Amino acid sequence: MTRTTIGFGLIALALAALAFLPTQLGAYGVGLLLGMTGYVVLASAWALFSGPTRYISLATVAFFGIGAYTVAVLSETLPYPLVLLVAGLIGLVVALVVGLATLRLAGVYFVIFTFGLAELIRQLVTWYEVNVTGTLGRYIFLPITAEQIYWQLLALAAVTLGIGWWIARSRIGLALKVIGDDETVASHIGIDISRVKLSLFAVSATIITLVGAIQAPRWTYIEPAIVFNPTVSFLTVIMALLGGANRLWGPVLGAVPLFLLFEWLSANFPNHYSIILGLMFIAIVFVVPRGILSLGEDVMRRFRSRELRS
Amino acid sequence: MLEIANLSLLYGRHRALENISVGISEGETVVILGANGAGKSSLLKAIAGLVTPEAGSRVMLDGKSLIGLPAHDIPETGIALVPEGRGVFGDLTVEENLMLGANPRRARATEADRHALIYDLFPRLAERKRQMVRTMSGGEQQMVAIGRALMSNPKYLMLDEPSLGLAPIVVTELFAALKRVQQTGVALLLVEQNVSISLSISDRGYLMEAGRIVGADTAEALKTDTAVQQAFLGGSTA
Amino acid sequence: MTQLLDITALTKQFGGLTAVNKVSFSVNAGEIVALLGPNGSGKTTLLNMISGALQATSGTVALEGDIISGLPPNGIAHKGVSRTFQLVKILPSLSVAENIIAALAFRPQPLWGRGARDQAEVLLDRVGLGGRGDEHADELTYIDQKRMELARALASEPRLLLLDEWLSGLNPTELRVGIDLILSLRQSGMTIVLVEHIMEAVRALCTRSVVMNVGSKIADGPTADVLSDAGVIAAYLGDGNA
Amino acid sequence: QDRTSVKIGYAVSMTGGNAGGAGITTIPNYKLWVHEVNEAGGLELPDGTRLPIEVVEYDDRSSAEEVVRAVERLVTQDQVDFVLSPWGTGFNLAVAPLLDRFGYPLIASAAVTDKAPEFAERWTRSFWLLGGGADYAGALSEVLAAAHASGEINGDVAIISVADGFGIDLVNAARATFAEAGLNIVMDRTYPPGTTDFSPMINEAQASGADSFVAFSYPPDTFALTQQAQVASYNPDVFYLGVGTPFPTYLAANGENTEGILSLGGIDTSNQALMDYRQRHTDFIGQAPDFWASQMTYAGLEMLEEAIKRVGLDRDAVAEELSSGTFTTILGETRLEDNQLRDLWWTGQWQNGVFVAIEPSEREGASAIVLPKQTWQAQ
Amino acid sequence: MLLTALISGLVLGGTYALVAMGLTLQYGISRIMNLAYGEVTIFAAFAAFLLFSTFGINPLMGMIIVLPAAFAFGYLIYGIMMQPLVRRSAKSGTLEVDSILATFGLLFVIQGVMLITFGSNYTSYNYLNFGVNIFGANIAANRLLAFVLAVVIGATLFLVLTRTRWGTTVRAIAVAPKSAPLVGINVNRTARFAFALGTMLAASGGVMVSMYQTFNASMGVVFTMKALVIVIMGGLGNLMGALVAGLLLGVVETLVATYVDPGLTLASTYVIFLVILLWKPSGLFGKAAGR
Ligand SMILES: Nc1ncnc2c1ncn2[C@@H]1O[C@H](COP(=O)(O)OP(=O)(O)OP(=O)(O)O)[C@@H](O)[C@H]1O
Ligand SMILES: Nc1ncnc2c1ncn2[C@@H]1O[C@H](COP(=O)(O)OP(=O)(O)OP(=O)(O)O)[C@@H](O)[C@H]1O
Ligand SMILES: [Mg+2]
Ligand SMILES: [Mg+2]
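Residue numbers (the working numbering), protein chains in the order written: chain A, 1 to 310; chain B, 1 to 238; chain C, 1 to 242; chain D, 1 to 379; chain E, 1 to 291.
Keep in mind that the hints were calculated from the coordinates and are not lab data. In this text the structure is predicted, and so the values were computed from the model without any measurement. Just so you know, not all the hints are guaranteed correct.
Short, incomplete list of chain C residues facing chain B, as computed with Cβ under 10 Å [what the hints assert, rightly or not]:
#1 Leu-17
#2 Gly-40
#3 Ser-41
#4 Gly-42
#5 Pro-172
Derived DSBU-like pairs (lysine-lysine); straight-line CA-CA distance at most 30 Å [as the list claims (entries may be wrong)]:
#6 E/Lys-178 / E/Lys-280
#7 B/Lys-129 / C/Lys-89
#8 B/Lys-64 / B/Lys-179
#9 C/Lys-22 / E/Lys-280
#10 B/Lys-155 / E/Lys-280
#11 E/Lys-280 / C/Lys-89
#12 B/Lys-129 / E/Lys-280
#13 D/Lys-309 / D/Lys-7
#14 B/Lys-64 / E/Lys-226
#15 C/Lys-89 / C/Lys-22
#16 C/Lys-89 / E/Lys-178
#17 B/Lys-64 / B/Lys-129
#18 D/Lys-31 / D/Lys-7
#19 B/Lys-179 / B/Lys-155
#20 E/Lys-178 / B/Lys-129
#21 E/Lys-280 / E/Lys-226
#22 D/Lys-31 / D/Lys-309
#23 B/Lys-129 / B/Lys-155
#24 B/Lys-64 / B/Lys-155
#25 C/Lys-79 / C/Lys-89
#26 B/Lys-223 / B/Lys-155
#27 B/Lys-129 / C/Lys-79
#28 B/Lys-179 / B/Lys-223
#29 C/Lys-22 / C/Lys-79
Beta carbons: idealized from backbone N, C-alpha and C, even for Gly.
If we strip away everything but chain A, and leave its shape as in the complex, we get (with noise of 0.2 Å):
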């Protein structure tokens, strides 16, 4: 109990101190904050459903350019509060009729449904916009600093890793374990699993939803091409995976290395950029195979088990 308590403290100190960051940074630095911190979301929430139950989801910018789009359409009719709070209903809704049709699936079926489900919203989106209101791209002028959308990323951050330290400790994260394990021995069990699917699913959209709501500001323009680029999925899986996928804090740590990377080679390396980066990637798939967090743990185990016998 103390422990949790004293965890808690820590966190809580932590987020502070983040939270205090951007006045010790100029914009580059607030920048790199923001996106780092949008992606330790989007890693997370993605982490929330697809890491216990193995079910690899693509359809992370569906609802990503969801969240943008929304904001696009309603940041001059609408209160931004209420902007964020639309914007997550739709969210919410496009992500429960997503997750009824997906429960039959499976595997790879699953990975690639969503894919082409990202890309389906994205084309009606398109059409849409083309042919109902006969504009594609949309502006967006809102006066939200980067601080701003900083601190809000941060607190979804924090929603979110409490979302996923709370399931981790309920039936529900137990249901979604036995759910990636063994379908059968879970209904069999007692587990609805429709259910259980879906309301992750929901949840982890959501906030996936929030998080290109949240980032739509700082782009101006918006259009199909900006906010639905499947990069933001890839990228996304990748990170949840490298870190380790079904650990709480595996996402952030796949996340947070590897947007620094992303960026140190960027910066330094523009022209040699793809060639370095896959090698560095290919590198790190051998060298660390189950995950950051998992290395970490290892390393720890060794010397644990070290420190017993000396």
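With the hints as your guide, set chains B, C, D and E with the ligands onto chain A.
For chains B, C, D and E with the ligands alone, coordinates are given in the frame of chain A:
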């Protein structure tokens, strides 16, 4: 002659086999008895090359060492394994599974005869040639697994609990079939929990416990051995 | 004696193949009934329909008069039906105790936290895995996995327990332990339907037997009678085992 | 101040979906200009001294998020003196508010937007060199109306457009201006980016009986349309394609068959400075510049160079000078009106392997349009 | 009109199927989820272009050089990169995740090499770009060729895989790699061969694509994703499935473009894809989901 000497095996830090020495002559039938987890399956897997034993272990077939030979080259030497859990190709048909059994080159010449033999031994398979093996009952799958191993024209056939999950009548038939297999000159290395019936077709038997061989004798002697009675036959020849 | 399970004209077709053909029988509360039959006669398929793993093509399954066929497996589990699988199904990424806790946490009166951990230990003890809750489920031996699976099925406090060849693969000594365990379950009032090919166990455990062949029921009655039935001997037991 | 160089930074799409366009229009010009300035000893300052250019370049990987961050990095980390614009309308808009906040001028040379006047007002240090969709569509409608009036073509037009910001801007403007010019749009289709098979649309256009075929397309589509029109033996009198047509690779791929094809942009071949630039570009880069935005990109750099020469490195002064000064560039006498370059060639045509400017036809240096387009030659 | 649309749709679909078939081999048989698949396609397109424009070797002749090179490349990549992963995952069962991550890296490496050697520009050339009349439909000869190639390769491979012992061994390693050694199958060699064969098919797709489509170094992922959609729609590892799914997509796209709205072509292909998966969760020709 298949000779195993000083065979040891580690799974991580867990010692599954320790200094096992076992021999089977051509055409002979040998049964290995032991409790669950004694290491019987591990022994068969080691012979089949599926797990790598410790250095110093010896597996010799007619004087040639099999150690270090990759698993996929073992069938070619005339050793076939019906593994625990069957290991059939679930998404292929019965016919395709049997066809794959005859994949080693040594099996090609006798392929047609073997087909006939197997359909004769297991008429159920003849009825279900085109069924996806995944959709068959547990016992049916066991037949496929045995049939597939026989297809490779083995000199040494290793069976890991072949009667597991088979109806009594099929067990009787299976052992009758195994007798016929013996008559074709194939040596059998049998792991079985159904002690009485397996001893009845065996020449010799080994007793395993916690990764070691703790006893060996002729089948006749084992049937009446009181220690064996205690440990494996539940005190009576049920 | 009250009737617990009632199966009426249950049928399952796979494409052109009729795996279970209009099978009807019922099981009284507290009974242990053996479901016998040659390989491929439809026993597992029948269990699958009772537990909801498969939807019946036609016919019904009722539990104390409630129709349960048509419910999803989790619904049937909550009505009080638990099972083990012919090929053990473990939850490999969980520990042994967590395998049990998972079932405790999702039964109609869920247990969670301390209570669940204690109850899991009790159940593991009961199947002979006492003190081994922290081991990884996928590192257990086959027999121990089967034990764990039984403990998991028991965790749901079922009224009806379905065992699919749970005793197979045991050596005679272990078999005796297993039989005693199942007998102790009956003492606690559980109703059990078990599929088994080991006649020794069937004789020792089951008061009644139902025999299937090619999807249809061919015999139903007291075990001793059924096992000496000529049709059953011809189709299933063979002369040697009569 | 003992500075030894002028730091100039840019973030462009070297990889990703936009790399194809940036690799032709933007990057080569930045490289050429830097090379030339440094060959000459560097950027000249008001006191006559020269400082070499030090380049900081980043790849935005065709991501809007990345371009924003890269520009922030340029400004706050690398502390560059000036930032050159990225490629693409959306990306220019993404960095515009940022640069404005930091007080940096933005010379947007690869962004087509009708809202340029509004943006120039909103971000007073932003400059827009490539016009808006309405300009190009309006010019095209004049070309077509003139040809229709002279009886060369019927008044029917078949239009297809790519479903993204650029295509939609143009087709929206076209719908309005074509109607005003008495042209009749008989087919109006929009296709998603990434489309590779245009035969259904070509068949429909062919069946429509329109003498004019207009595609507001992107490079891959432009190439595909050219090939597939040949396959279908589709030979409308007027064949107008979008971005990509004025690319040197387009000529390389289609050779003689480019003859008579219309598109956005164009060059005045009588402009010696421009032809000289084209030669230098070809020599240095190993490939000719395109016939549309390349020249504006380069001219924008020349303006920046000249402004620095006049007022020094003070960014506000440079912006002021860009806004009000008159410059001699490869385009000739260049002056911005309300921060926008309005003296542009809106429509051009491939004639004898050169993409010449034809509209505004009354402007000096315009070539005469040649209609109808010759039929496709077998290759 | 309808016939024309159908025929051009089939031909378009054939070009899709050609690119997808290699992926179904790599993923379905070798179990490598190869995200760098499209990069190989693009690389081959560049190679064909280079051979054509600088050495005057026409793309069909060029295949004689490109295809063996691609095979060798695939063989090498499998040996160097995939084999250790496969070996490692025998215990952990993480091949899918590992191969996603590793080929994600490979994707960037190949793309980077292409960017440096070929630049980021659009590339295009004309070869066999003339119309051929088929039942009144005007079809580009290069696309027709791609279609024929797809059907021939698809049918040949399908027959080989289903009718020969070798083909059955290939499917066996897809079904139960652990059991394959028991019947004397060298899993590693077979998987490696299938992977290399898949790479070769990817390259043949690239050479064909280069004749009728503009490409640049960054476009690989488009091909990967299209191929994945087709592979999944057809049923994993099933060549016939890939062929049929590819053709179906082509026909749908053309029909929608002709009769509904070109703006909805891509949307409609995804709708078809999603609907098919909802109807058959393991693809058109996939094994019925084992429940
Ligand atoms: N892959 C493995 N990793 C770790 N331990 C293993 C592995 N396979 C088997 N073991 C352990 O090795 C020991 C011997 O196992 P083995 O399967 O050979 O026994 P067995 O005699 O065949 O038992 P059974 O009758 O249950 O089949 C057991 O303790 C088992 O837990
Ligand atoms: N999913 C399926 N698709 C097609 N056929 C199936 C399917 N499942 C089972 N079958 C067939 O139905 C029949 C009955 O199978 P079932 O598994 O119920 O047999 P069983 O009585 O349990 O046999 P065993 O004692 O060998 O386990 C078998 O012939 C089997 O091949
Ligand atoms: Mg065993
Ligand atoms: Mg069964």
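Here's how the hints hold up against the structure:
no., hint, result
1, Leu-17, "8 Å, holds"
2, Gly-40, "4 Å, holds"
3, Ser-41, "8 Å, holds"
4, Gly-42, "8 Å, holds"
5, Pro-172, "4 Å, holds"
6, E/Lys-178 / E/Lys-280, "28 Å, holds"
7, B/Lys-129 / C/Lys-89, "28 Å, holds"
8, B/Lys-64 / B/Lys-179, "28 Å, holds"
9, C/Lys-22 / E/Lys-280, "29 Å, holds"
10, B/Lys-155 / E/Lys-280, "46 Å, violated"
11, E/Lys-280 / C/Lys-89, "26 Å, holds"
12, B/Lys-129 / E/Lys-280, "26 Å, holds"
13, D/Lys-309 / D/Lys-7, "15 Å, holds"
14, B/Lys-64 / E/Lys-226, "53 Å, violated"
15, C/Lys-89 / C/Lys-22, "29 Å, holds"
16, C/Lys-89 / E/Lys-178, "19 Å, holds"
17, B/Lys-64 / B/Lys-129, "38 Å, violated"
18, D/Lys-31 / D/Lys-7, "14 Å, holds"
19, B/Lys-179 / B/Lys-155, "14 Å, holds"
20, E/Lys-178 / B/Lys-129, "23 Å, holds"
21, E/Lys-280 / E/Lys-226, "19 Å, holds"
22, D/Lys-31 / D/Lys-309, "20 Å, holds"
23, B/Lys-129 / B/Lys-155, "26 Å, holds"
24, B/Lys-64 / B/Lys-155, "15 Å, holds"
25, C/Lys-79 / C/Lys-89, "21 Å, holds"
26, B/Lys-223 / B/Lys-155, "27 Å, holds"
27, B/Lys-129 / C/Lys-79, "40 Å, violated"
28, B/Lys-179 / B/Lys-223, "18 Å, holds"
29, C/Lys-22 / C/Lys-79, "24 Å, holds"
Consistency note: the structure conflicts with the earlier hints numbered 10, 14, 17, 27.
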